[in-house]
Amino acid sequence: MNARFQFVLCFCAVTSVLLLTLLAGQVRTLRVEIRALNDQVATREDLVAAQAPEMRLLHEEKCTSCHTERRFAGEHNTRGEIDAAMVHMQAMPDAGFTDEDMAKIHASLTLLRCARCHAVEKLRGLSLRTPEERMDLIRTMMSKPGSGLTSDEADEINRAYQQVIGF
Amino acid sequence: MSEHKSATGPGGRLLYLIAGLGIVIALWRFANGIGAVSNLNQGYPWGFWIGFDILAGIALAAGGFVVAALVHIFGGERYHPLVRPAIFTAFLGYLLFITGLLVDIGRPWTFWQMIIFWHHESPMFEVGWCVMMYTTILFLEFVPAVLEKYKKTVWLERWRTYSPWIAWALVVLFTIALIRTVAWVVAVGGVLLLFQILVHRGVIRRDPRVPTLLIIAGVLFSTMHQSSLGTVFTMVPHKLHPLWYSPILPVLFFTSAVMTGLAMVIVEATLSARYLRRPPESDLLSGIGRGLWWALIVYLGLRTLDLAVRGAAAEAFAVTPQSLAFWLEILVGVVIPLAMLVSRDSVSSDRGLFWASLLVVIGLVINRLNVAITGIHAATAERYVPHWMEIAVSAGIVSAGILVYRAVVRWLPVIEEHQHADRTASGRTGAHGRPAGGSQP
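Protein chains in written order, with my numbering: chain E, 1 to 167; chain Y, 168 to 608.
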């Protein structure tokens, strides 16, 4: 066997072994990934993440550039205080809020009643329910001790949700 | 000396020119800062100098400890003529690497701080100490060449007596600095002390040419140093491409250094034989070539299995600059030399052996540049292409190294045949004064 033939033979053999090992590695990785797949193809949370529209809380864009987040949390966001604050801010000469902005900011501040206890992602998941189902849920919340929600506020929250989510 | 190629021939003049240009640019860098001569930026603070001068340069200097261990520890006596050239190449390589590091880091007047302030958390601390210690050991291993040249018999005897103790002290100091555990210091110091006492008492055979403890210290520091350069890059798993990042990067750096050390011995022996116009040590080099073949097999096996087990194999088949660089490195540096060395004819042919070894060396340089540059993802949008002045500085360092090598080989008894000639001449005059069997350290 001459040297040139040995070179070609060895080159091909080594390259084949190298490629085969790398390919075996890829197959192994694929098997591990397949084994790691969930039995349930998608959970409810996965569907919500994939399907539910983004929740855009406009007060975070329009208000927090001048006021801190803490200003919007707490008891003072209830029972007409939001309306009073909105009227006050709209009267400000430099605020420049349109009526559409005002409606969305109002809705967004109203939903803070829920966001005090529930994460935004949880609220986002409600978009997969019908307005009636959401209302039932808000009523369930009303009955919880310490919620402090009235039936008027429950209606307002439901409307605010539809306003924010864009239905 | 007339039979040597002239140092001032066209090749020699070109080397002087490149070295001179490198020195001028290095001085320019110290005067105007690193930004004046390099394209390094916040995304790529390490570039061509680290990849070429340091990562590749250190690996290319591995021949010193590999051949020294082969001869003085594993009993490969017949390779003895290759020891001193390999040690000299390693010593020179480390000095050049330190020069490159000084140009890269700058502010050389602060280097002493590493000796006083110990930062145990930093792999760079270990790298720095290993360089310091191993360069000292290489100096001790090489100093007999100077003593023999000037027939300093008394100093040579003192070197034989004291150098193992200096090596012992360095290893113990290193253990204290790096580990700071009494148990480890006592264990390491105790074992080496016991070894030296047994050698002194004649229980363990005393090597008349070089104290074995000196070789052991050299192997220890070099092994740790070669691998710890890989350890440095295990700190950046988010930044280094999966084709090169690996938890076993220190092992891969060490094995590739051993492999390249063997290849460098062949390249350096062939080129110096050509320069000195004498036949190369073909029978010895073919033995080294067979060792190189096995080293290539081990490295390729480790590298391939590592990629396969880590699940990074898919990256090798993606069409990206990184995958192209990976295949270039593997094919040039490992697969082609492996195929070349499989034939008995190639291993016993000086030419085949030289080209296969040169490819291994080139492959190693590509590998280290891939780790330092190609495989690095910068978090910022910045990109890095080496500035011509960065390349000129490195080329200047290499040229200066070749010029120094040529000068020293003509001046000192580095190459075996040169020593024989020297010995014959001094034997005639009866003034050489070298002890029997002590032709080399």
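Treat the hints with care, since some could be wrong.
Restraint-style ranges between C-beta atoms, simulated for each label pair [to be verified]:
1. E:Thr43 - Y:Thr398: 53 to 63 Å
2. E:Gln40 - Y:Ala485: 54 to 64 Å
3. Y:Ile201 - E:Val32: 37 to 47 Å
4. Y:Thr398 - E:Val32: 21 to 31 Å
5. E:Leu128 - Y:Leu345: 55 to 65 Å
6. Y:Ala350 - E:Gln40: 51 to 61 Å
7. Y:Ser490 - E:Pro131: 48 to 58 Å
8. E:Thr15 - Y:Trp555: 29 to 39 Å
9. Y:Gly478 - E:Val41: 15 to 25 Å
10. Y:Val418 - E:Ser16: 22 to 32 Å
11. Y:Thr401 - E:Glu100: 51 to 61 Å
12. Y:His405 - E:Val41: 25 to 35 Å
Here are a few chain Y residues that face chain E, going by a calculated C-beta distance under 7 Å [as the list claims (entries may be wrong)]:
13. Ala481
14. Val502
15. Leu505
16. Ala506
17. Asp512
Selected chain E positions facing chain Y (Cβ under 8 Å, derived; list incomplete) [as the list claims (entries may be wrong)]:
18. Ala3
19. Phe7
20. Cys10
21. Phe11
22. Val14
23. Ser16
24. Leu18
25. Thr21
26. Gln90
Simulated from the structure, these hints should not be mistaken for lab results.
None of these values were measured; they are calculated from a predicted model.
Note that CB positions come from ideal geometry on N, CA and C, so glycine has one too.
Checked hints:
1. The hint said 53 to 63 Å for the Cβ distance between threonine 43 of chain E and threonine 398 of chain Y, and at roughly 42 Å that hint is violated.
2. Roughly 32 Å separates the CB atoms of glutamine 40 of chain E and alanine 485 of chain Y, a value that falls outside the hinted 54 to 64 Å.
3. As the Cβ distance of isoleucine 201 of chain Y to valine 32 of chain E is approximately 45 Å, the hint placing it in 37 to 47 Å holds.
4. For threonine 398 of chain Y and valine 32 of chain E, the hinted distance range of 21 to 31 Å is satisfied, since their beta carbons lie about 27 Å from each other.
5. In this structure the hint that leucine 128 of chain E and leucine 345 of chain Y lie 55 to 65 Å apart at CB holds, the actual value being about 60 Å.
6. Remark: the range hint 51 to 61 Å for alanine 350 of chain Y to glutamine 40 of chain E is upheld by a beta-carbon distance near 54 Å.
7. Judged by the Cβ atoms, the range 48 to 58 Å given for serine 490 of chain Y and proline 131 of chain E holds: they are separated by roughly 54 Å.
8. Take threonine 15 of chain E and tryptophan 555 of chain Y: their Cβ atoms lie about 36 Å apart, and the range 29 to 39 Å holds.
9. Between glycine 478 of chain Y and valine 41 of chain E, the C-beta spacing of about 23 Å keeps the proposed range 15 to 25 Å intact.
10. Remark: the range hint 22 to 32 Å for valine 418 of chain Y to serine 16 of chain E is upheld by a beta-carbon distance near 25 Å.
11. For threonine 401 of chain Y and glutamate 100 of chain E, the Cβ-Cβ distance of about 55 Å falls inside the hinted range of 51 to 61 Å, so the restraint holds.
12. The hint said 25 to 35 Å for the Cβ distance between histidine 405 of chain Y and valine 41 of chain E, and at roughly 31 Å that hint holds.
13. The closest approach between the C-beta of alanine 481 of chain Y and any C-beta of chain E is roughly 5 Å, which is under the 7 Å cut-off, so the hint is satisfied.
14. Taking 7 Å as the C-beta cut-off, the interface hint given for valine 502 of chain Y holds, the closest approach to chain E being about 5 Å.
15. At about 6 Å, the closest approach between the beta carbon of leucine 505 of chain Y and any beta carbon in chain E falls short of 7 Å, and the interface hint on this residue holds.
16. For alanine 506 of chain Y, the interface hint holds, the least distance from its beta-carbon to any beta-carbon of chain E being 4 Å, beneath 7 Å.
17. The restraint placing aspartate 512 of chain Y at the interface with chain E holds, with a minimum CB-CB distance near 4 Å, inside the 7 Å limit.
18. This hint holds: alanine 3 of chain E has a C-beta 4 Å from the nearest C-beta of chain Y, less than the 8 Å allowed.
19. Because the smallest distance between the Cβ of phenylalanine 7 of chain E and any Cβ of chain Y comes to about 5 Å, under 8 Å, the interface hint for this residue holds.
20. For cysteine 10 of chain E, the shortest C-beta to C-beta distance to chain Y is roughly 4 Å, which falls under 8 Å, so the interface hint holds.
21. At about 4 Å, the closest approach between the beta carbon of phenylalanine 11 of chain E and any beta carbon in chain Y falls short of 8 Å, and the interface hint on this residue holds.
22. Because the closest C-beta pair between valine 14 of chain E and chain Y is about 5 Å apart, less than 8 Å, the hint holds.
23. Taking 8 Å as the C-beta contact cut-off toward chain Y, the hint placing serine 16 of chain E at the interface is violated, the least distance being around 11 Å.
24. A cut of 8 Å between beta carbons decides the hint on leucine 18 of chain E: the least distance to chain Y is about 6 Å, and the hint holds.
25. Below 8 Å, beta-carbon pairs count as interface contacts, and threonine 21 of chain E has one with chain Y at about 5 Å; its hint therefore holds.
26. The restraint placing glutamine 90 of chain E at the interface with chain Y is violated, with a minimum CB-CB distance near 42 Å, outside the 8 Å limit.
Comparing the model with each earlier hint shows violations of hints 1, 2, 23 and 26; every other hint is respected.
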